[in-house]
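Number of protein chains: 4
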Amino acid sequence: MTINDFFDKDKFALNAGVKLLEVRKGYARASMEITPMHFNAGGVCQGGAIFTLADFAFAAATNSHGQLTFSITSNINFFKSESEGTLYAEAKEVFCHKRIPNCEVHITNKEGELIASFTGTGYRKDIQLPFKSIE
Amino acid sequence: MTINDFFDKDKFALNAGVKLLEVRKGYARASMEITPMHFNAGGVCQGGAIFTLADFAFAAATNSHGQLTFSITSNINFFKSESEGTLYAEAKEVFCHKRIPNCEVHITNKEGELIASFTGTGYRKDIQLPFKSIE
Amino acid sequence: MTINDFFDKDKFALNAGVKLLEVRKGYARASMEITPMHFNAGGVCQGGAIFTLADFAFAAATNSHGQLTFSITSNINFFKSESEGTLYAEAKEVFCHKRIPNCEVHITNKEGELIASFTGTGYRKDIQLPFKSIE
Amino acid sequence: MTINDFFDKDKFALNAGVKLLEVRKGYARASMEITPMHFNAGGVCQGGAIFTLADFAFAAATNSHGQLTFSITSNINFFKSESEGTLYAEAKEVFCHKRIPNCEVHITNKEGELIASFTGTGYRKDIQLPFKSIE
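Protein chains in written order, with the working numbering: chain X, 809 to 943; chain C, 809 to 943; chain R, 809 to 943; chain Z, 809 to 943.
If you're looking for bench data, these hints aren't it; they were derived computationally from the structure.
Do not take every clue at face value.
Just so you know, same-sequence chains aren't split out, so a pair can sit in one copy or run between any two.
Stated by the list, open to error - With a Cα cut of at most 20 Å, we get these calculated EDC-like pairs of lysine to aspartate or glutamate:
# : residue 1 : residue 2
1 : LYS918    : GLU890
2 : LYS906    : GLU841
3 : LYS817    : GLU892
4 : LYS900    : GLU890
Bear in mind that the values here come from a model prediction, so they are computed numbers and not experimental data.
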């Protein structure tokens, strides 16, 4: 099993149209194309959809070392509303601690503008993940 | 149009199974039944699904006054993983400012245990929402 | 050494006028009287002073079990500016995990109004603190 | 009055040893030399001192446009404890909105290692600050 196979099991992200574009140790990039199914009552992409995209990139980056890491707390800031086009999330582990890593995620629209930012703290368990180690 | 009709237009929350149970001025309660479609790669309810539930309750509570309010920043803390049963989010506006309200949301499982907490800051626009005023 | 003696060693909080009023397992209350030394350039109590008060209450509540716990991430929301009177911080551990506890802190002014809220996540080390166990 | 004169009125930051090193539109850098007065009960620099440094850099960056901007919410992540040397905070406005700007702050130690990160949201009032406009 590759790390991509593993993250294909994330049904909630998959149903939201989230795709893993790239993953390296401590780094990941994901995308989500906005469709009407992502709309909130105001007709723009729901905050929960943007969070799901960001959290997925966070999960890929922090689990890239092969050790199970889950999220314990996140902060998300919303800058611009979007109602079409593809969104991109780029996650970088800025603190690669053996127990409590921290990761920054920038979310951009198709023009490359920053539309949201996310910071997450993880907690690593002593459990190896069932995918082949990556570089 | 009632406030419930208005929030029925939130397609992303609706698709995630989120239901508005109760809404009063500055207060809202919502639920989401966990199904396999909510699972992440680890087989438990995805953080993005829990965020969507919390953010929806936040939106109902902060928009309850009839003035358009969107989220500018949120903080979410995850305490327990859940893979079945119904989750509940209870949102209380602790600071009802005319521009930048703040709302605390507690998310509980079917046993009433706190499984996550959420704090959100909104920004009110000078736009009246198209639903009948509530008490 | 009592837990109060231990927290008297917090020189930064002490210099800011922070006082520990009460501490029980998973709970603490602290105060800080605003003086001109707490002012920011705008002539009101600086956010860093309010954070110091809240973080001190968080530290007392989360370390009350006798195991060294430090802060890994916090979120603070500011609702009202204050330039006089005493501020109070009340900290409650809402998630008493053996490694990664979470604590909510409400900060009020002398009229009892909520002027700020704080949520913090701690990390417990396998180190016993040098004070007598409390009830 | 220059912007530096204005921020010299921040008594709490000044007492904590915080210095404004550089300020441009949407950007600021500040420093704080750790002394025993910054210690918490564990003998390392208190979280409130680090927050004060970060919040000061946030305030300088977001107020650099000459319009009064105060903090409404902040998130801080602590990565490493420090007990000596000078800390540096670098603040960048990543979202320069006319009402609700957002700013990222990285805090580093004398070796240039990231020891904390901070994200803050401001709220701009329709009040011009009493200092000469900067480039």
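### Query
Failing hints, ascending?
Those not satisfied are hints 2, 4.
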